[in-house]
Amino acid sequence: MAFVKFEEVSLAYEEGGALAIKDISLSVQQNEFIAVVGPSGCGKSTLMKLVSGLSEPTSGYVYIDGRQIGGPQKCIGMAFQASNLLPWRTTLENVMLPLEIVQPYRSQLRRKRKEFETMAMELIERVGLKGWEHKYPWELSGGMQQRASICRALIHKPQLLMLDEPFGALDAFTREELWCMLQDLWQEQPFTVILVTHDLREAVFLADTVYVMSKGPGQILVKRDIAIERPRTLAVTYTEPFAAQVHVLREHIGSIRKS
Amino acid sequence: MAFNRRKFMIKNASWMLILLLLLIWEIICVGLNVPEYLFPAPSAVWSAGIARWEPIMMHAWQTFFTTLVGFAIAVVVGVVLGVAVGTYPIVYKALYPLLVGFNSIPKVAFVPVLVVWFGIGTVPAILTAFLISFFPVLVNVATGLATLEPELEDVLRSLGASKLDILRKVGLPRALPYFFASLKVAITLAFVGSVISETVASNMGIGYLMMAASSSMDMALVFAGLIVIGVMGVVMYELFAWMEKRFTRWANRGVNAAAV
Chain A
1 MAFVKFEEVS LAYEEGGALA IKDISLSVQQ NEFIAVVGPS GCGKSTLMKL
51 VSGLSEPTSG YVYIDGRQIG GPQKCIGMAF QASNLLPWRT TLENVMLPLE
101 IVQPYRSQLR RKRKEFETMA MELIERVGLK GWEHKYPWEL SGGMQQRASI
151 CRALIHKPQL LMLDEPFGAL DAFTREELWC MLQDLWQEQP FTVILVTHDL
201 REAVFLADTV YVMSKGPGQI LVKRDIAIER PRTLAVTYTE PFAAQVHVLR
251 EHIGSIRKS
Chain E
1001 MAFNRRKFMI KNASWMLILL LLLIWEIICV GLNVPEYLFP APSAVWSAGI
1051 ARWEPIMMHA WQTFFTTLVG FAIAVVVGVV LGVAVGTYPI VYKALYPLLV
1101 GFNSIPKVAF VPVLVVWFGI GTVPAILTAF LISFFPVLVN VATGLATLEP
1151 ELEDVLRSLG ASKLDILRKV GLPRALPYFF ASLKVAITLA FVGSVISETV
1201 ASNMGIGYLM MAASSSMDMA LVFAGLIVIG VMGVVMYELF AWMEKRFTRW
1251 ANRGVNAAAV
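These protein sequence lines map, in sequence, to chains A and E. Start counting the first sequence at 1; every next residue gets the next number (my numbering). Start counting the second sequence at 1001; every next residue gets the next number (my numbering).
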């Protein structure tokens, strides 16, 4: 059974206004890594808000784990283009934030603080931020902030990770480094991922399935399976099959932009 | 060497300016032979201050006490109303015009009313200090909460955080720099409030002391009173400025870096 399921979902932000997305149907399997690509303004972020329960569909249904979504979800981790770290908290305190909110961690926090801190430190070390756990966000580089942000999205062991252009503001080298980091994390301890991006190479490198969206209103045009063997290395991105996948997606996007 | 001297100058600029102004003041008074009952020289103010040290201190403590009590009430009321105004749009819509109108009324106009209700003395002074100083606290706390970035709120909302969680984890810490900035304004205003009330309706406090001194043409004592109020204001302002730096380092790191 699909873990996340959209059934003919449409959404208009204002009543009777233009649709941001229209008749979206898609399903994501448990521990599948999907990417949604499309031109800017195609309603990718709207999709994220629907899954996380921050917005409600105007028509249609969204299900997570077989249950219809009503209100914000607990089993979700989110990271955005901006790291959105709280500036008055250190890296460690920022990463610990979800444990102060989400059950059952919340009620155990007082008793098990040491244990949870160790858990957070391990994750921080895992993404290469060892030595930076007591620094404040402004003392970190953009890439480091994004690493911390991904730690925060994963600390409460969510079943679903939502990424809204998380690497969009980073330089090319840092971005590719973080692709590999994310892939490793995902392979070690699988979870379902929905990645929204407009970087086609990123989508092909990371995802099992790529969805292409059109804009005004956002609709799903193409679904493409990426059958490249894992673990994928950066060297793969220079091979013929990889380039071919990117090329096909590029053409779809090109035709959307023309129409 | 030249650099050190520059640093020394910057560090002590305020003291040097005060000394310079006192010097000019003294020269004018002595040079033009201004009578002491009109405009006393700093030296005359100083000797008056020393001669009446004990009564001045007694009145100063009274003023200090009423100011602090009024200020404390203002902080509590300001924070509570500020949180309500900043969190609930309906409270904002309902309360704000009323508060702005209230704040436009000169608080000295309230003193006679307070005297009728509470008699002369400490209570009207405390209440005037409160009335004059709660508004900046309220406005700043509300602004801090209302300007919260929706993205930060989304981070918490996507975790299923309640409105209270969001207020505690993001809203209040985020509003803290605004709050401390308002304390600096509020404490100086509170002094204004209590002294106004004491001048009009009290037999205690620096305001009363100055009133009494001026009616007996003792201008040196009036000026001594003015200086005591000024000193108390500066000390309390600096205390809250220090607390602001101490507790909200994340918000003014740029300023701190420049000061080091």
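Errors might be hidden in some of the hints.
[What the hints assert, rightly or not] Residues from chain A that face chain E, not an exhaustive set, calculated with beta carbons under 7 Å:
| # | residue |
| --- | --- |
| 1 | Ser52 |
| 2 | Ser55 |
| 3 | Arg67 |
| 4 | Ile69 |
| 5 | Gly70 |
| 6 | Cys75 |
| 7 | Leu92 |
| 8 | Pro98 |
| 9 | Pro104 |
| 10 | Met144 |
[What the hints assert, rightly or not] In the DSS-like style, the derived pairs of lysine-lysine whose C-alpha atoms are separated by at most 30 Å in a straight line are:
| # | chain 1 | residue 1 | chain 2 | residue 2 |
| --- | --- | --- | --- | --- |
| 11 | E | Lys1163 | A | Lys114 |
| 12 | A | Lys5 | A | Lys74 |
| 13 | A | Lys135 | A | Lys5 |
| 14 | A | Lys49 | E | Lys1245 |
| 15 | A | Lys5 | E | Lys1093 |
| 16 | E | Lys1093 | A | Lys114 |
| 17 | E | Lys1093 | A | Lys112 |
| 18 | E | Lys1093 | A | Lys135 |
| 19 | A | Lys74 | E | Lys1169 |
| 20 | E | Lys1245 | E | Lys1184 |
| 21 | A | Lys49 | A | Lys215 |
| 22 | A | Lys258 | E | Lys1163 |
| 23 | A | Lys130 | E | Lys1169 |
| 24 | E | Lys1169 | A | Lys49 |
| 25 | E | Lys1011 | E | Lys1093 |
| 26 | A | Lys130 | E | Lys1245 |
| 27 | A | Lys157 | A | Lys223 |
Just so you know, the hints here were simulated from the structure itself, not pulled from any lab data. From the three backbone atoms N, C-alpha and C, an ideal C-beta is built for every residue, glycine too.
Right, here's what the structure says about each hint:
no.	hint	verdict
1	Ser52	holds (5 Å)
2	Ser55	violated (11 Å)
3	Arg67	violated (14 Å)
4	Ile69	violated (12 Å)
5	Gly70	violated (12 Å)
6	Cys75	violated (9 Å)
7	Leu92	violated (15 Å)
8	Pro98	holds (5 Å)
9	Pro104	violated (13 Å)
10	Met144	violated (17 Å)
11	Lys1163/E <-> Lys114/A	holds (28 Å)
12	Lys5/A <-> Lys74/A	holds (17 Å)
13	Lys135/A <-> Lys5/A	violated (40 Å)
14	Lys49/A <-> Lys1245/E	violated (38 Å)
15	Lys5/A <-> Lys1093/E	violated (41 Å)
16	Lys1093/E <-> Lys114/A	violated (45 Å)
17	Lys1093/E <-> Lys112/A	violated (44 Å)
18	Lys1093/E <-> Lys135/A	violated (40 Å)
19	Lys74/A <-> Lys1169/E	holds (17 Å)
20	Lys1245/E <-> Lys1184/E	holds (12 Å)
21	Lys49/A <-> Lys215/A	holds (17 Å)
22	Lys258/A <-> Lys1163/E	violated (45 Å)
23	Lys130/A <-> Lys1169/E	holds (25 Å)
24	Lys1169/E <-> Lys49/A	holds (21 Å)
25	Lys1011/E <-> Lys1093/E	violated (46 Å)
26	Lys130/A <-> Lys1245/E	holds (29 Å)
27	Lys157/A <-> Lys223/A	holds (28 Å)
Consistency note: the structure conflicts with the earlier hints numbered 2, 3, 4, 5, 6, 7, 9, 10, 13, 14, 15, 16, 17, 18, 22 and 25.
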